[in-house]
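Undergrad: Here is how the chains run, residue by residue.
2 protein chains.
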Amino acid sequence: MKVVLLGTAAGGGFPQWNCACALCAAARDGRLPSRTQECAAVTGNGRDWWLLNASPDLRIQLAATRALWPGPGPRDTPLRGVLLTDAEADHVTGLTELRGAAGLKIYAAPPVRAVLAPARAALDRYAPWEWADSLADGGFVLAGGLVVTAHPVGVKVPKYVPDQASTEPGPWVTAYRVEDLATGGVLVYAPCVGAWSPVLDGLCAEAGCVLLDGTFFAADEMGTAVRPGAGQAAMGHLPVTGPQGSLAALARYPGARRIYTHLNNTNPLLDPASPARARVAGYGAEILPDGTELVL
Amino acid sequence: MKVVLLGTAAGGGFPQWNCACALCAAARDGRLPSRTQECAAVTGNGRDWWLLNASPDLRIQLAATRALWPGPGPRDTPLRGVLLTDAEADHVTGLTELRGAAGLKIYAAPPVRAVLAPARAALDRYAPWEWADSLADGGFVLAGGLVVTAHPVGVKVPKYVPDQASTEPGPWVTAYRVEDLATGGVLVYAPCVGAWSPVLDGLCAEAGCVLLDGTFFAADEMGTAVRPGAGQAAMGHLPVTGPQGSLAALARYPGARRIYTHLNNTNPLLDPASPARARVAGYGAEILPDGTELVL
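Protein sequences, first through last, are from chains A and B.
441 is the number of the first residue of the first sequence in the working numbering; add one for each residue after it.
441 is the number of the first residue of the second sequence in the working numbering; add one for each residue after it.
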């Protein structure tokens with residue numbers, strides 16, 4: 441199995457267009473590496489590729505990744521479909537860039553499928569796609585020899601959904617476990633996680649590689665950066681640090697390669713020279729640039 | 441007035457992610473300049489900037505344009521709003537990238553506002569924006585000293601709209617005339633035009649610069665490129681050449697700088713060495729790269 445990290449930033453990207461914080465300014469000046477919005481691609485055979493989420497930067501990300509270029513026929517493409525972990529704008533907007541592509545298959549949990557129904561109707565007018573329940577029947581098989589299961593890891597409803605209070609609770613946020621039948625390699629893809637859980641422990645115990653929600657380094661990060669008092673507790677992302685953070689949990693699984701992704705523009709991990717980065721490295725976890733290819 | 445051509449390609453951009461035609465392949469290999477999806481920015485005073493459409497590539501386009509960078513306050517931005525010419529996906533998707541920005545004002549014609557009502561409701565949940573009718577009251581004034589009028593130039597309904605047959609005809613596609621009160625400079629912005637009309641003659645006669653729909657060079661272009669038999673007659677763009685084309689019409693206005701934009705990935709004008717490019721140049725019309733700045 442090959443995995444390409446197409447993008448590694450949270451919604452808004454890095455730099456974020458309307459943010460003049462020190463980190464974003466450093467990215468704009470080229471002093472820190474820019475990052476596009478979180479998205480990945482996976483293949484079992486090098487010919488059939490599946491997207492993990494569809495970021496708003498997808499067109500640029502596909503253009504930057506030779507393995508995903510079209511050909512040899514004028515409309516041939518190695519892209520077979522998209523696995524959505526949630527319905528957040530930064531994970532689904534890229535579907536519009538894929539409109540008109542023939543025969544794509546989209547996997548998502550029931551609440552995500554329901555809220556995207558109007559978008560699906562619009563996209564179907566360019567080319568009909570098949571939509572499937574990622575949580576049904578205990579799993580599914582992808583062309584290229586990958587076996588996938590989806591696992592609920594959060595309940596946060598996207599902000600754009602009206603009537604939040606009356607929205608049914610449900611598996612709004614899932615993680616994927618992707619296993620290569622040929623190599624036995626296991627990827628856990630969890631770029632959006634509300635809280636650590638036994639489900640994640642079970643997934644990490646079997647994984648060769650974990651791509652984990654690294655949105656916020658600290659629980660008070662948003663409050664201390666650009667929006668005093670805002671905080672990010674309600675944003676549905678467990679922080680890296682702190683007693684409920686993911687770093688201590690990840691430390692229990694030294695057998696897996698552990699990579700933080702979906703980094704918010706407020707996150708000090710964006711700076712390779714930061715104490716935060718050194719601390720994470722001390723636990724054996726990694727921060728990688730856009731375009732990194734992993735083999736499992 | 442300053443105008444920046446943020447992007448100059450039609451929907452899908454150049455190269456288009458799923459197109460392996462000779463032109464797209466040349467762009468991927470770096471033999472032809474890539475182009476992001478059509479979008480522009482305009483300012484009268486250098487401090488207050490207005491977007492002309494909101495392309496899906498907007499985040500990348502804003503990052504590439506220093507004049508549109510945020511600051512000095514952490515959430516200060518020179519962006520005041522967006523003027524939409526139509527509701528096509530490649531002109532409105534970028535609104536999602538602007539979500540959460542305070543105090544933006546969006547101008548659009550009534551059919552465009554109506555079809556975007558669900559999107560507006562979703563975007564308002566991040567930060568409320570003011571939406572205005574671009575065709576009301578004979579015009580409007582933008583911060584920075586620009587006076588704008590909108591003019592219907594097409595009736596094409598976006599493909600994603602259901603029940604096309606029962607959709608009310610109306611001004612789905614408009615052009616903008618932007619005048620700088622201080623310099624007297626006049627920009628005509630018409631990246632989507634169904635057919636030439638006396639309205640366009642009137643606008644061009646007064647313009648210092650015309651940004652015009654250059655989607656297709658020839659009327660049979662789509663049919664001869666990648667989708668045999670498809671044709672583009674129904675796509676709502678007048679071709680550059682031919683008896684009903686725009687090039688002959690533009691030739692009547694040598695006093696204006698005439699620039700083709702919204703170039704489809706099938707358009708031979710994308711190649712600076714093409715006979716098509718020489719022919720257009722012979723008429724005094726220009727093809728310019730992304731990022732070009734114009735002063736009027």
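Read the hints as simulated data drawn from the structure, not as lab findings.
Bear in mind the structure is a predicted one, so any value in this text is a computation, not a measurement.
Be careful, since some hints might not be right.
Copies of the same chain look alike in the list, so a pair counts if it fits in one copy or across any two.
[Unchecked claim] When the alpha-carbon atoms are kept at most 20 Å apart in a straight line, the in silico EDC-like pairs for lysine to aspartate or glutamate are as follows:
1. K596 - D564
2. K596 - D516
3. K599 - D564
4. K442 - D488
5. K599 - D641
6. K599 - E733
7. K442 - D564
8. K545 - E733
9. K599 - D573
Undergrad: Any of the earlier hints contradicted here, and which numbers?
TA: 2, 5, 6, 7, 8 and 9
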